[in-house]
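There are 2 protein chains.
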Amino acid sequence: MTENTQILFKSRPTGWVDASHFEVAKGPVREPGPGEVQVRNIFMSLDPYMRGRMRDQKSYTPGFELGQVLQAGAVGEVTASNDPSLAKGDLVEGRLGWETYSVAKAGQVNKVDGNVASLSHYLGVLGMPSMTAWVGLRNIGQPKTGETVYVSAASGAVGQIAGQIAKLQGCHVAGSAGSDDKVAYVRDELGFDAAFNYKTAVSLGDGLAQACPNGIDVYFENVGGAMLDAVLLKLNPYARIVACGMISQYNLERPEGVRNLGTMVGNKIRMQGFIVSDHMDLKAAFMAEMSGWLAAGKVKYREDITQGIENAPAAFIGMLKGENFGKQIIQIGDPPA
Amino acid sequence: MTENTQILFKSRPTGWVDASHFEVAKGPVREPGPGEVQVRNIFMSLDPYMRGRMRDQKSYTPGFELGQVLQAGAVGEVTASNDPSLAKGDLVEGRLGWETYSVAKAGQVNKVDGNVASLSHYLGVLGMPSMTAWVGLRNIGQPKTGETVYVSAASGAVGQIAGQIAKLQGCHVAGSAGSDDKVAYVRDELGFDAAFNYKTAVSLGDGLAQACPNGIDVYFENVGGAMLDAVLLKLNPYARIVACGMISQYNLERPEGVRNLGTMVGNKIRMQGFIVSDHMDLKAAFMAEMSGWLAAGKVKYREDITQGIENAPAAFIGMLKGENFGKQIIQIGDPPA
Numbered sequence: 018m019t020e021n022t023q024i025l026f027k028s029r030p031t032g033w034v035d036a037s038h039f040e041v042a043k044g045p046v047r048e049p050g051p052g053e054v055q056v057r058n059i060f061m062s063l064d065p066y067m068r069g070r071m072r073d074q075k076s077y078t079p080g081f082e083l084g085q086v087l088q089a090g091a092v093g094e095v096t097a098s099n100d101p102s103l104a105k106g107d108l109v110e111g112r113l114g115w116e117t118y119s120v121a122k123a124g125q126v127n128k129v130d131g132n133v134a135s136l137s138h139y140l141g142v143l144g145m146p147s148m149t150a151w152v153g154l155r156n157i158g159q160p161k162t163g164e165t166v167y168v169s170a171a172s173g174a175v176g177q178i179a180g181q182i183a184k185l186q187g188c189h190v191a192g193s194a195g196s197d198d199k200v201a202y203v204r205d206e207l208g209f210d211a212a213f214n215y216k217t218a219v220s221l222g223d224g225l226a227q228a229c230p231n232g233i234d235v236y237f238e239n240v241g242g243a244m245l246d247a248v249l250l251k252l253n254p255y256a257r258i259v260a261c262g263m264i265s266q267y268n269l270e271r272p273e274g275v276r277n278l279g280t281m282v283g284n285k286i287r288m289q290g291f292i293v294s295d296h297m298d299l300k301a302a303f304m305a306e307m308s309g310w311l312a313a314g315k316v317k318y319r320e321d322i323t324q325g326i327e328n329a330p331a332a333f334i335g336m337l338k339g340e341n342f343g344k345q346i347i348q349i350g351d352p353p354a
Numbered sequence: 018m019t020e021n022t023q024i025l026f027k028s029r030p031t032g033w034v035d036a037s038h039f040e041v042a043k044g045p046v047r048e049p050g051p052g053e054v055q056v057r058n059i060f061m062s063l064d065p066y067m068r069g070r071m072r073d074q075k076s077y078t079p080g081f082e083l084g085q086v087l088q089a090g091a092v093g094e095v096t097a098s099n100d101p102s103l104a105k106g107d108l109v110e111g112r113l114g115w116e117t118y119s120v121a122k123a124g125q126v127n128k129v130d131g132n133v134a135s136l137s138h139y140l141g142v143l144g145m146p147s148m149t150a151w152v153g154l155r156n157i158g159q160p161k162t163g164e165t166v167y168v169s170a171a172s173g174a175v176g177q178i179a180g181q182i183a184k185l186q187g188c189h190v191a192g193s194a195g196s197d198d199k200v201a202y203v204r205d206e207l208g209f210d211a212a213f214n215y216k217t218a219v220s221l222g223d224g225l226a227q228a229c230p231n232g233i234d235v236y237f238e239n240v241g242g243a244m245l246d247a248v249l250l251k252l253n254p255y256a257r258i259v260a261c262g263m264i265s266q267y268n269l270e271r272p273e274g275v276r277n278l279g280t281m282v283g284n285k286i287r288m289q290g291f292i293v294s295d296h297m298d299l300k301a302a303f304m305a306e307m308s309g310w311l312a313a314g315k316v317k318y319r320e321d322i323t324q325g326i327e328n329a330p331a332a333f334i335g336m337l338k339g340e341n342f343g344k345q346i347i348q349i350g351d352p353p354a
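So the sequence lines, in the order shown, correspond to chains A and B.
Heads up, the first sequence is in this note's numbering, so the first residue is 18 and it goes up one at a time.
Heads up, the second sequence is in this note's numbering, so the first residue is 18 and it goes up one at a time.
Chain A with its partners taken away, still in its complex shape (with noise of 0.2 angstroms):
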């Protein structure tokens, strides 16, 4: 029998997360029941909303539970079928477990393709990450072109992505990250127009000052604390704030206070919320947005790739540190062959 590697939640943090509050389990794979597949998972995102997830209070999704595995998205290939669904053999995505094989209802994932790059693009630039910067563009920050966009955690699963349809979008857009290789690589590589290390620079007003001489239109904010403070001294009147996430914010026991919010009023700017998984009805038309312009090579995507399912709590404290470098991903097992 087939052994499965499982990340179990030990125990509920309440400051940083540390390797603590995680455990290793092993044991044997169980088999689907009736309208269940078996799903060999091969990459499995890490995303920062799982933070949220952590905490025993009500969030946009339920908490983890303690002593279980813990869920994220991932993709992977049919083991064992016990729905006419799906066969063995078949590539799906859907929201998963942290482990090396995971049990499911049919239902609760999707076929997806394997002629594309990687299967791993479903967890990032053809997946919610990604969704996630389309939809806040489109349906909060509606930038008009010619407007600047200012992306926090520029190089990040969702800062990536954001800015390049901002500019695909004719905006002056820019972007800053926490080290001067991620801030080459929005600018060099994606194409922002300006970028800045928020951790070198003189001062985040000035860092902005610098980088959108125009002010801001349209903050995609990633971020939280202290640069939200920051860019509400820079944006522009009519400017729309993309509450994306608060990265900054989730490890803290007591956030940072945000002091600047006044403006919000002279400046009659609009700061909205959002969850992609609102929005499903409009997942085929990001797909197929997404993937012209992957396939014409106007958006590119960096990933962060990690092996081993034993390493996830490690990667997973290190992308809330900023550690990773694009879109973080467990590698868990082989693409098919």
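If you're looking for bench data, these hints aren't it; they were derived computationally from the structure.
Possibly wrong hints are sitting among the right ones.
Same chains, same names: a pair is fine if it fits in one copy or spans any two.
What the hints assert, rightly or not - Quick list of in silico lysine-lysine cross-link-like pairs, DSS-like style, CA-CA up to 27 angstroms:
1. Lys216 - Lys315
2. Lys338 - Lys128
3. Lys285 - Lys161
4. Lys161 - Lys27
5. Lys300 - Lys285
6. Lys105 - Lys128
7. Lys338 - Lys27
8. Lys317 - Lys216
9. Lys43 - Lys122
10. Lys300 - Lys315
11. Lys184 - Lys285
12. Lys285 - Lys338
13. Lys317 - Lys184
14. Lys122 - Lys184
15. Lys317 - Lys128
16. Lys338 - Lys315
17. Lys27 - Lys43
18. Lys300 - Lys105
19. Lys122 - Lys161
Place chain B on chain A using the hints.
Showing chain B alone in chain A's frame:
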């Protein structure tokens, strides 16, 4: 020659405004030049936004100039006209000055009908503060029947109307104010479903929980700071924050930090600032609807009228501290017999 009493802007406050920032000056009344009218001011409006105009930084209205007469919305009687559109004895409202007589371009004032209960209504329930409430709910809050609308500074110039409009739309309406008298007024006179004294509540969170047992769908934001932070934890998914003003922050050299903005992402909350002067295309619709409500007794309005232009600085300072009870008005002169 008639004497003019004017309140000049003497020095710029950094924290709380006090009497030293104003100067009372007396001098001759200026005669109107070509296209101008001379107006004897009868009622003048004091509004929290004026504190913003005392700052030496860009705001949505130009800053007050040091050494010059302060500006305010006022209603008065034309005492001399050099423009064919207005005649001596006409009643007008417009942006005039903290003074007994103003001279303005004829096009900068609007003729008003003297057959209202009080000319002061043009500065409140039929004027800018009331239209602010009406526009904010209409364009941003968009409350639906059965939703909970919470209004801070509920007995103030804007808050009174915001709450009553929400009641007319079939909402559960809650408010807060800074004295038991004000709380009783909005609950017993204006018909709010619940209200609490934010100064004596166990905590803001507790006051909100009791007044809004089903959470908050629309927050009409007049206060900012700690109140906004507490509200963010009570908002329902898809809630809207009408960012009208943040009076609790205007006199602080360093605004309070708002820590709970992270809830905006998961709860898909929209917060939007606005300025009523952007929406003057809606003025006729507002006047028609509000006049109708007022005539039908469906809307009540409380004013706090201070006598004498010399007392305007003290009244302004008191208003920023929440000492007024209802819309703050200065009566400068007698209405026409």
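- prompt: Where does the structure disagree with the numbered hints, that is, which hint numbers, in rising order?
  reply: 1, 2, 4, 14, 16 and 19
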